[in-house]
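Read off the chains here:
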Amino acid sequence: MEEFSKIITEIRQKSPLVYNITNFVVTNISANALLALGASPIMSYAKQEAIDLIKISSALLINMGTPTPDIIETMLIAAKTANNASIPVVFDPVGVGASKFRNEIAQEILSKVKIDIIKGNASEIANLCGVNIQTKGVESNTYIENIADLTKDLAKKHHCIVCATGKTDIVSDGNKVYACENGHEFLTKITGSGCILGSIAAAAAGVCNDYLKATVASCLIVGISGEIAASKSNLLGNFQVEFFNALSTFEPENFKNALYKVL
Amino acid sequence: MEEFSKIITEIRQKSPLVYNITNFVVTNISANALLALGASPIMSYAKQEAIDLIKISSALLINMGTPTPDIIETMLIAAKTANNASIPVVFDPVGVGASKFRNEIAQEILSKVKIDIIKGNASEIANLCGVNIQTKGVESNTYIENIADLTKDLAKKHHCIVCATGKTDIVSDGNKVYACENGHEFLTKITGSGCILGSIAAAAAGVCNDYLKATVASCLIVGISGEIAASKSNLLGNFQVEFFNALSTFEPENFKNALYKVL
Amino acid sequence: MEEFSKIITEIRQKSPLVYNITNFVVTNISANALLALGASPIMSYAKQEAIDLIKISSALLINMGTPTPDIIETMLIAAKTANNASIPVVFDPVGVGASKFRNEIAQEILSKVKIDIIKGNASEIANLCGVNIQTKGVESNTYIENIADLTKDLAKKHHCIVCATGKTDIVSDGNKVYACENGHEFLTKITGSGCILGSIAAAAAGVCNDYLKATVASCLIVGISGEIAASKSNLLGNFQVEFFNALSTFEPENFKNALYKVL
Chain A
60 MEEFSKIITE IRQKSPLVYN ITNFVVTNIS ANALLALGAS PIMSYAKQEA
110 IDLIKISSAL LINMGTPTPD IIETMLIAAK TANNASIPVV FDPVGVGASK
160 FRNEIAQEIL SKVKIDIIKG NASEIANLCG VNIQTKGVES NTYIENIADL
210 TKDLAKKHHC IVCATGKTDI VSDGNKVYAC ENGHEFLTKI TGSGCILGSI
260 AAAAAGVCND YLKATVASCL IVGISGEIAA SKSNLLGNFQ VEFFNALSTF
310 EPENFKNALY KVL
Chain B
60 MEEFSKIITE IRQKSPLVYN ITNFVVTNIS ANALLALGAS PIMSYAKQEA
110 IDLIKISSAL LINMGTPTPD IIETMLIAAK TANNASIPVV FDPVGVGASK
160 FRNEIAQEIL SKVKIDIIKG NASEIANLCG VNIQTKGVES NTYIENIADL
210 TKDLAKKHHC IVCATGKTDI VSDGNKVYAC ENGHEFLTKI TGSGCILGSI
260 AAAAAGVCND YLKATVASCL IVGISGEIAA SKSNLLGNFQ VEFFNALSTF
310 EPENFKNALY KVL
Chain C
60 MEEFSKIITE IRQKSPLVYN ITNFVVTNIS ANALLALGAS PIMSYAKQEA
110 IDLIKISSAL LINMGTPTPD IIETMLIAAK TANNASIPVV FDPVGVGASK
160 FRNEIAQEIL SKVKIDIIKG NASEIANLCG VNIQTKGVES NTYIENIADL
210 TKDLAKKHHC IVCATGKTDI VSDGNKVYAC ENGHEFLTKI TGSGCILGSI
260 AAAAAGVCND YLKATVASCL IVGISGEIAA SKSNLLGNFQ VEFFNALSTF
310 EPENFKNALY KVL
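Chains as they are written, first to last, in my numbering: chain A, 60 to 322; chain B, 60 to 322; chain C, 60 to 322.
Rather than coming from a laboratory, the hints here were simulated on the basis of the structure.
One or more hints might be untrue.
Since copy identity is lost for identical chains, a pair holds within one copy or between any two.
Said to hold, decoys possible - Cut-off 30 Å, straight-line C-alpha distance, at most; resulting in silico cross-link-like pairs (DSS-like, lysine-lysine):
# : residue 1 : residue 2
1 : 248       : 114
2 : 315       : 171
3 : 248       : 315
4 : 272       : 65
5 : 173       : 291
6 : 235       : 73
7 : 291       : 215
Build out the structure end to end from the sequences listed, making use of the hints.
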């Protein structure tokens with residue numbers, strides 16, 4: 060608990076700069092989520108400044124939600140530079156499984172650079188494991204029986220943290236497996252709540268070298284904030300507003316509502 | 060009435076995947092509007108995955124609000140593939156009339172692929188008919204005397220459904236002409252309410268082969284939701300929140316407030 | 060006071076078309092801010108329509124928040140065309156100082172086209188003056204001792220208006236220097252409030268030839284709207300909603316709360 064508290068405290072104190080190369084749907088809400096937690100966002104797509112931006116950043120988030128060859132090239136340069144500088148890289152393989160193009164991008168990224176945290180929904184993680192799940196939109200919330208094993212295996216394979224979101228969020232370093240139970244159905248009904256989690260995980264990894272803890276903390280922050288928001292309103296428009304209220308007022312004490320276990 | 064009710068029910072039950080190639084201003088709110096109604100959105104710009112994404116989609120929306128040659132190329136590939144797969148294509152010619160570039164794009168799209176539903180504001184529809192209306196921004200709400208005739212003629216010419224939005228929304232298949240009177244002035248004061256209508260029309264066409272009915276239902280859903288939102292608050296910021304509340308709770312019963320007639 | 064009142068009244072009456080070539084993070088909120096004040100927005104990135112769009116626009120805003128070579132090329136064409144047509148050009152050098160790429164873009168723009176209003180946060184303005192301030196994210200709010208002098212010098216050098224935002228917004232034409240004290244800390248915690256100010260300054264310059272007055276009025280509109288919003292809620296999510304409520308109901312009377320002085 061204390062370790063999670065330290066993460067939110069340090070994000071607010073150190074205000075890590077998170078360099079986001081993310082999809083066009085969530086640029087605004089991802090930047091706002093980071094600001095709400097006290098982090099500093101920068102969003103960019105240009106390969107020409109990838110090396111310079113890594114120099115001033117505490118973490119990198121690459122999210123392939125609206126992929127184009129140019130953007131993927133920027134991601135690879137930024138991630139390789141981050142690897143050399145020992146800056147954490149979070150990868151969100153949005154929509155992998157939906158097209159051969161996305162499958163190839165995900166494989167290219169995973170083979171060419173070192174990813175520290177892979178965060179996807181359960182069907183995306185399953186797809187990365189070679190399990191062919193038919194993706195139905197990028198907010199897919201398919202239940203996958205053996206997702207804990209798949210998550211653990213993928214983490215072992217890539218020597219990184221893997222997070223598979225769903226009703227239960229599974230987080231593993233290839234050895235330990237956490238199951239996080241906080242959250243609310245409404246989070247699946249607004250676009251980009253998963254993408255926001257990726258950016259928050261990057262902020263957390265920017266202040267905490269234990270990326271497993273950083274990722275679990277991020278799942279808890281998003282899940283608990285979603286619960287707080289849903290407790291304030293049962294309407295979807297208000298929920299979005301309340302979710303940002305909850306993120307911006309998230310304090311260490313909120314972790315007392317954390318629901319998680321080590322499997 | 061019952062036919063419109065069936066459309067909203069089936070969107071919520073079947074959760075059609077709507078593939079959106081849309082402008083950069085509305086990606087987030089269009090995805091959220093589709094999720095609020097129970098549909099599944101995917102947003103993409105890459106030609107490399109256009110064919111694959113059509114395979115898993117129930118409908119395609121192409122919106123030229125922020126056009127670039129690359130994006131237009133993707134639209135043409137996606138729409139041609141959709142045509143071959145008998146998947147409905149909705150085209151929103153945002154800002155046609157504002158530049159020669161947009162005029163040429165609109166003509167290229169209309170000549171190279173089969174569009175099932177054209178949705179624009181009245182001045183955009185008039186421009187497609189060769190009537191030179193000076194566009195004043197993309198939220199233009201110019202009143203055009205003979206818009207019903209223009210809409211009908213354009214529908215006849217392109218063998219498709221045409222929807223011209225305005226204080227009264229006109230929808231025609233070239234034969235029948237509907238006039239839909241629901242709506243609220245505030246819908247013209249938030250960016251993208253028209254773009255959202257295009258995405259919703261795609262979702263509706265994804266579950267209903269009668270595209271005339273699907274388009275009228277979409278106008279009614281947006282118009283009635285706007286009225287509900289305006290009844291909750293007379294402030295523009297709150298209106299946006301209430302509009303998403305209304306979309307997310309839209310039920311068949313809401314159609315009892317539908318105001319439309321066949322001209 | 061009366062001169063500021065006239066600006067908001069004329070924006071609402073004339074509804075100037077503001078052509079925005081802006082970053083992907085703020086497209087939606089910038090368009091909505093302009094609509095809330097009664098202006099008409101058009102957002103575009105394509106060089107193919109830059110000349111045509113200037114013909115119908117009252118002002119141009121170029122914002123390099125998410126720069127790519129293609130977009131910068133469009134900005135240069137649009138700005139040069141605007142110069143020839145005597146249409147005001149507002150430049151927001153977002154993130155200058157964060158990368159060599161952004162530094163070069165800013166210098167290219169300032170050397171190749173005539174800018175009428177430069178608006179940045181204090182560290183961006185200092186960077187343009189050759190003072191090396193380490194940028195920490197694009198919402199940087201670093202306090203810079205001699206910002207009033209730097210702002211005045213930059214304005215003199217480029218024969219334009221310069222606005223450096225911060226706790227106090229400094230605006231100068233190279234001769235007179237205004238210090239505007241309205242605003243609220245929350246404006247620095249939502250992404251894009253500075254970008255919105257740039258778009259509003261363009262709208263104001265589109266109806267008022269005195270660009271110094273237009274820029275001061277814009278700072279006051281954003282600052283006072285921020286104060287109104289913060290007085291309605293002390294939560295960040297609600298603040299965003301209330302900020303749009305405040306912009307959409309901003310009236311000449313609101314300037315009675317203006318806090319500014321000529322240094």
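Hint check:
1. Taking the shortest Cα distances, residue 248 and residue 114 sit within 30 Å of each other only across copies (24 Å), while inside one copy they are farther apart (36 Å).
2. With identical chains, the CA atoms of residue 315 and residue 171 are never at most 30 Å apart, being 40 Å at best within one copy and 57 Å at best between copies.
3. Taking the shortest Cα distances, residue 248 and residue 315 sit within 30 Å of each other both inside one copy (26 Å) and across copies (26 Å).
4. When the C-alpha separation of residue 272 and residue 65 is checked against a cutoff of 30 Å, the pair qualifies only within one copy, where the shortest distance is 11 Å, while the shortest distance between copies is 48 Å.
5. Taking identical chains as interchangeable, the C-alpha atoms of residue 173 and residue 291 are never at most 30 Å apart, the minima being 41 Å within one chain and 47 Å between chains.
6. In this homomeric assembly, residue 235 and residue 73 come within 30 Å of each other (Cα to Cα) only inside a single copy, at 28 Å, whereas the closest approach across copies is 38 Å.
7. In the homo-oligomer, the alpha carbons of residue 291 and residue 215 never lie at most 30 Å apart, since the shortest distance is 40 Å inside one protomer and 50 Å across protomers.
Of the hints listed earlier, those the structure fails to meet are numbers 2, 5 and 7, in rising order.
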